[in-house]
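Let's have the full structure, built from the sequences with the hints guiding it.
Chains as they are written, first to last, in this note's numbering: chain W, 471 to 764; chain L, 208 to 964; chain U, 112 to 279.
Worth flagging that the hints you see were computed from the coordinates, not collected in a lab. No experiment lies behind these values; they were computed from the predicted model shown. Heads up, a few of these hints could be off.
A few chain W residues that don't get close to chain U, going by computed Cβ distances all over 10 Å [stated by the list, open to error]:
hint	residue
1	486
2	630
3	701
Straight-line Cα separation of at most 27 Å, DSSO-like style, residue types lysine-lysine; simulated pairs [as the list claims (entries may be wrong)]:
hint	chain 1	residue 1	chain 2	residue 2
4	W	613	U	167
5	W	510	W	473
6	L	668	L	422
7	W	510	L	238
8	W	510	L	878
9	L	238	W	473
10	L	422	L	806
11	L	662	L	480
12	L	668	L	755
13	W	473	U	182
14	L	422	L	471
15	L	662	L	755
16	L	251	W	510
17	L	251	W	508
18	L	653	L	284
19	W	508	L	480
20	L	238	L	471
21	W	513	L	251
22	L	289	L	251
23	W	513	L	878
24	L	653	L	624
25	W	510	U	182
26	L	653	L	362
27	W	473	L	480
28	W	508	L	653
29	L	216	L	668
30	L	480	W	510
31	W	513	L	480
32	U	182	W	508
33	W	510	U	167
34	L	781	L	755
35	L	362	L	608
Ideal Cβ positions, reconstructed from N, Cα and C, are used throughout, including at glycine.
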Amino acid sequence: MRKFSYLTPRSLDEAISLMESYGERARYVAGGTDVLVKIKEGKLRPEYLVSLRRIPSMDRIWCEQGPSGELRIGALATHRALECSATIRWHYPILHDAVSNIGSVQIRNVATIGGNLVNAVPSADGAIPLVTLDAQVRLQGPKGARQMELLHFFMGPGQTVLDRGEVLTEIIVPPLAPRTGSAYIKFGRREAMELPLLGVGVLLSLDQEMRRCLKARIGLGVAAPTPMRAHEAEAFLEGRDLDEATLREAGRIAAEESRVRDSVRGAAWYRREMVKVLVCRMGLRCLERARAPH
Amino acid sequence: MEDLTAVGKPIPKLDAVDKATGRAVYIHDVKVPGMLYGKILYSKYPHARIVHMDTSRARRLPGVRAVLTGEDIPPVKFGFYKDNTPLKRGKVRSYRDEVAAVAAVDPDVAQEALDLIEVHYEALPAVFDPEEAMGEGAPLVHEEHRTNVLRLPWKMHLGDVEEARKQARYVVEDRFRVTWVTHCCMATSGCIAMFDSSMNLTMYSNTQIPSLAQKDYLEALEAMGLRGKRVRVIKASIGGAFGSKLDTYPYEYVAILLAQATRKPVRILFDRKEEFVATSGRQPAIIEIAQGCDPEGRLLFRDVSMILDNGAYTSWGATTPSVMMMPISSLYRVPNVRYEARCVYTNNTYSQAMRGYGNPQATFAIESSMDRLAEEAGIDRVDFRLRNANEPGDVTPQEFKITTCGLKACIEEVRRKLGWDEPRGQDEGVGMACLIHVGGGARVYKSDGCGTIIKVDDYGKVDVFTGATDMGQGADTVIAQVVAEELGVEVEDVRVIHTDTDVCPWDVGAHASRTTFVACNSALGAARNIKERILEIASRQMGEPPEKLAIRHREVFSTQEPEKRLELGKLLRKAHFSPSGQMLMAEYFYDPANENLDKTFRGNLSMTYTFGAHGVRVKVDRETGKVRVLKYVAAHDVGKAINPMLLEGQVYGGALMGIGYALTEQLLLDKGEVMNPNFRDYKILTAKDAVEIETHIVETMDKDGPFGAKGIGEPGCVPTAPAIANAIYHAVGIRMRELPMTPERVLAAILEKQRGG
Amino acid sequence: MARRISFLLNGELQELEVEDHWTLLHLLREELGLTGTKEGCGSGECGACTVLVDNKAVNSCLFLAAEAEGKEVLTIEGLASPDGTLHPLQRAFVEHGAIQCGFCTPGMILSAKALLDENPSPTEEEIRHALAGNLCRCTGYLQIFRAVRAASGQLRGSSVEVIARSTE
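Structure (C-alpha cells):
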C-alpha cells in the first residue's frame, strides 16, 4: 500500500485543525474499511490520514426517553454496536435490519455509521433507513457547527455537502410516533456479503385503530444517484387505510418515481420491478411490526 | 469383506492439524534467501498493436533488478496449441495479455516500476462474440492462422443419427448457453522460480500436474537455450485448485525468465484482481441439442453441436469437447450419437480446466433436454430416466465398458429421499438430473499412470512417496488409509509425501477424479510387495508359512494360533540388524488398463465409470425471480467410500460450487474486460447461502478400484444446474436455458410467459 | 512515518516500531513471521485474514497496525495451549472434516471463536450469520457448521463441569 502518515488527534478541534493545515493532502478516516480499500486501489492518495477514532464520546448510542424521544447516534458508533443494541433492535428495526447485514461481522466490528454515510454510495445500507427515519445530521468544521436533514446531505455518488475539514459528528433520529412499524431489505443475489441491487426502507405510523396511515416514509437505495425518498408514494399512503392492495399501489408509484439505472449488479427494469414488489412487502412487514406487541 | 481397520473410516485429513494451527505452509508463506518479487503489466486494450514500449524509467528505479518485455525474451511457446507466449510481442489480443514484467527487491517497488513503463498501443478492431468471430470479415485474433476457428478434431458420429431421427416418435430441440465462471480458490496463484549454479531450475509451485509441469518447464528451458537441464517442482500446501492448476500459465514462465535474467529466485504472487482476470476458468458454450425417443420412451438419438468461445489463447478449455463427448454418448443408453464442437478465437479471456471439465456444461443441456423429451412423450421424468439408465455390462456407443453402475439405485434413492411424489406447495417444484463421469482414471495422454515408492523404517513407520497431488481433497489421507490397511499398521504410522519431483515418482496429474483410483491402486501395488516381504521375514522368524500369517494393528500373528505374535518393529529390526540384513522398500507404477480414444473417439477411456443423481426441491418467488432451494439430495455411486467423511466433503463442496454455477456465479465481460474481478461482485456462495445437502452413497464395490473405490472429486458439481432448472420448470413452468439462472432472468421469463410469450 | 506501539499478541507483550501505512496483516505475516493469518483478497471481502482484536473478529487486511496499540490480538498461532493442546474448535474442525485446502481455516476458526465466546449456544442461523464473512470454496460449509456445533457443545460441557465442581 502507498505510504501515508497516520495522525491520531485526541479531540475534534485538533482533528479539524490538522485537516486545515494539510488541506488536500489529508483525509479523515474512522474505521478505515472504505478508505483503506480506496488507497489500495489507487483511488485515494493521501499523504496524511487523520484518524477520528480517539475522539471521545463520538460513538455513543443513546435515547433518553425511549422511542418517544430522540435517538442520538455518535458517528463513530460501529455497525456492530448498532446491531447489538437492544433499543435499536426493538424500536428501530429498520435500522437493525440494515446494519446487521452490512458486510460481515469483521467489517461491522470496525466500520462506523458515520463512515458509511460519508462514503455516500447510492446503496449505503446505513443511509437508507436513516433517511426513512427523517434523520438529521450534525456537522462540525472550521467554520463551526451546523445541522441538516440527512436526505440533503448527499449530493451524488461519493459526494456529500461536507466542506473541507468538516466532520459528521452525530445522527439524530426524531421521536417515533406511537404504533410505528419499520423495515428494511437489502436485496441482492445472495444472502450475505452483498452490495445490494436495491435497498428499500419503509416506515408506517398507524392510527388508533391500527388501520389508517398517519405517516409514511419510503427510502430507496441504488434507485438514484443518492439515497432517495419516494415522496409521491408516501403522499399516496398518508391518510389511507392500509392493506395489501394500497401498499401495492404505493410500490407502483415509488417505482415510477425511482431513477434506476443499468449496472454490473442489475438491470434498470429489474430494479424498478423490485421497488414495486419490495415496497409492498416491507410495508406489510411494517404493519406486522406496528401491530405486534413488544 | 473382513473387518477393515482403516479403509472405510472417517479419518481426519492428515494435514488438518497443521492447517488448524496455522503451521501449513502455502506458496504465499515461502521465502527463499535473496528472493526478488516479480510483477506483471497487463494490456490496456482487448486487441491492439504494440507500437512502442519505453521501460527506461522503470529500469532506473532503485530496487529494480530486471525489466522484460516480449522483445527481450526468446520464443517460448506453450499451451497445447502452442499459441501462447509468456510476454506478448507485436500485439495484444486480450486485456489479460502480459506485456512486461519486473523483478524488484520488494513488491511495492515492483508495482511502482510497472507504473513507470510506457506502452503505446494502436487499437485494432476486436471481436467478442464467437458466432461473430466465425463470420466473414471478422477481425483475426491470430492472423497467421487465417481464421478464428481452431483446427481441432471435435467431430463424432456414432451410429446413424439422421436415420434414428426419422424413426423417433418424439423429438425435442433446444439451444442452451453457459458462460464463464471461475474457480475462486481462496489462495491466489503464485510460484517461485530459482536456478542453481548450473542453471538447473527449481519451481516452488501450486501445480496439480507436477510431472507434466516439469516437462513444460523443460521445454521452456530448451527454448531459452538451456539444454539438458533438470527441473525440480516442489509443492507447498495448495490453497484450492479445482482444475485451475491443470495447465501452466504465462506467469510461471515469466518468473523463470526473470530468474534467469537476475540470477536470483523470483516470486510472483497474484492479487485477487489478477486471479480473476489472469487465470482461466470454465469454458463457456453455446449448445444446440436435439434428442428423440420411440413411443415407449427409449432414447434413439442425441445430436449436439456447440460453439465454444476460445478467447485469445488456447488452454484446456478447447479440449473440453473431448470430455463432453462422455455424457453425450454415454449418459443413459443412446444408440445413435452425433457431436460437433467448434472453438473460436475471440478477444475475450480464455478458459481451461474446471471441476467437471465440460461435463457440467454438457449435462446441463442433456438433462434439461431429457425433461423436455419426457414431457413431450408424456412419460414421468423419473421413469423416463430409469427406462434409459445405464446398467452394468453395457458398452456405450463410445465403447466405454460399464462395469459397476449404481445409476438406478441413485435415481431411486433421490426419488425416495426428496419426497418426489409428495404434494408440493405453491410455486414449488422438484427436479432431478443424473451424471456419468470417469471413475477409474482417464487415458487422455499416452500414460495414465502413477508411481509409488514405499519405505518402512526400523520401527514400522511407513513413508509413501507418491506422484499424486493433494490439493485439499484428501489424496494424502486415502493413500495412507489403504497402505495402513494393507500393511496392518495404523494410519498415523503412515506419512505420505507428494511434494517434490526429485523424490516422488511420476504421475500424470490430479484430474479426471482419478487420484483415489489410480494413486491408491499404485500405493497398494507397492504395499502388497512390502507385505509379501514382511510375511516372508516373519515366516522365517516365527516358523509359520506366510499364508498362515496376517498383520493387524502393528503385529504379525498366526491366523491358526493367534497367541503366536510378533510386534512389527521388532521383526523389522531383527531383519535389519543381522548378517545379510535387509530393509524394506518397494516401488510400483500403476497404469490402469484403460484406452486412448481412437480417431473416431471410440475407446474405453476409463477402467470404470461413476454415476450419480441429484434431486432438488425449489420454491420460486414469482415476484422477484429468486429461487430458493428447499431440499437437496445427492446420490453417488462411488464404488467404495474409503473415507466417508472426506468423500462427503467432496460432494458438499462440489454441489455448492454447482449451485453457484446454476444460480449466482458469472464472470461478467464487457467488450473483453472483466467487470467483476472481486468477491463483492462475483457471487460465490457464503455460509448464509449454504444449502443443506443430503448425501447418499451407493457402494457398488468396483473390482478394479482400490478396495472397490471409484472417483468422486468432480461428480458433485456435474448435475446441479439441470436439476435446479428442471425443478424451476416444475415449479412455475419456465424453462431456463441460460446460466446462471439469476432472479432477473427468472423474472423476465415469468413475465414473458404471463404476457403470452 | 513510524511509531512505537505496544500490544498483547497471543498473550505476549510486543513492543515494536511500525510504519503508519502497515496493515495488521502485513505486520503479522511479513514483520513478525506469523504466516498463519492469510491474505485472500486484501479488501475485506473474504475473511481469510480474520484475527481477533479485543475478542472481536476483524479483517486484518483493513486494520492498521498502528491501531493495535494497547489492544489484545489473537491469531491462529495463539489459539492452542502453550503445551500444544488444541482448542476445542481446532479439534472439532479436524475431526469433522471441516478442513480441506485449509486456506480459509485460520480465519474461519477465529470467527467461530468470537461467536462462541459471545454466544456459547448459537443456533444454526447465528452460526451462519457469524461466518458469513468467511468464504470457503472447498467444503460447502456444512462440515464447518457441524464442527462449530460440536465445539460449542464441548465448551459448554466443560464449563458446566466447572460450575458443578465449584459448588461441591
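Unmet hints by their number, sorted upward, for this structure: 4, 6, 11, 24, 28
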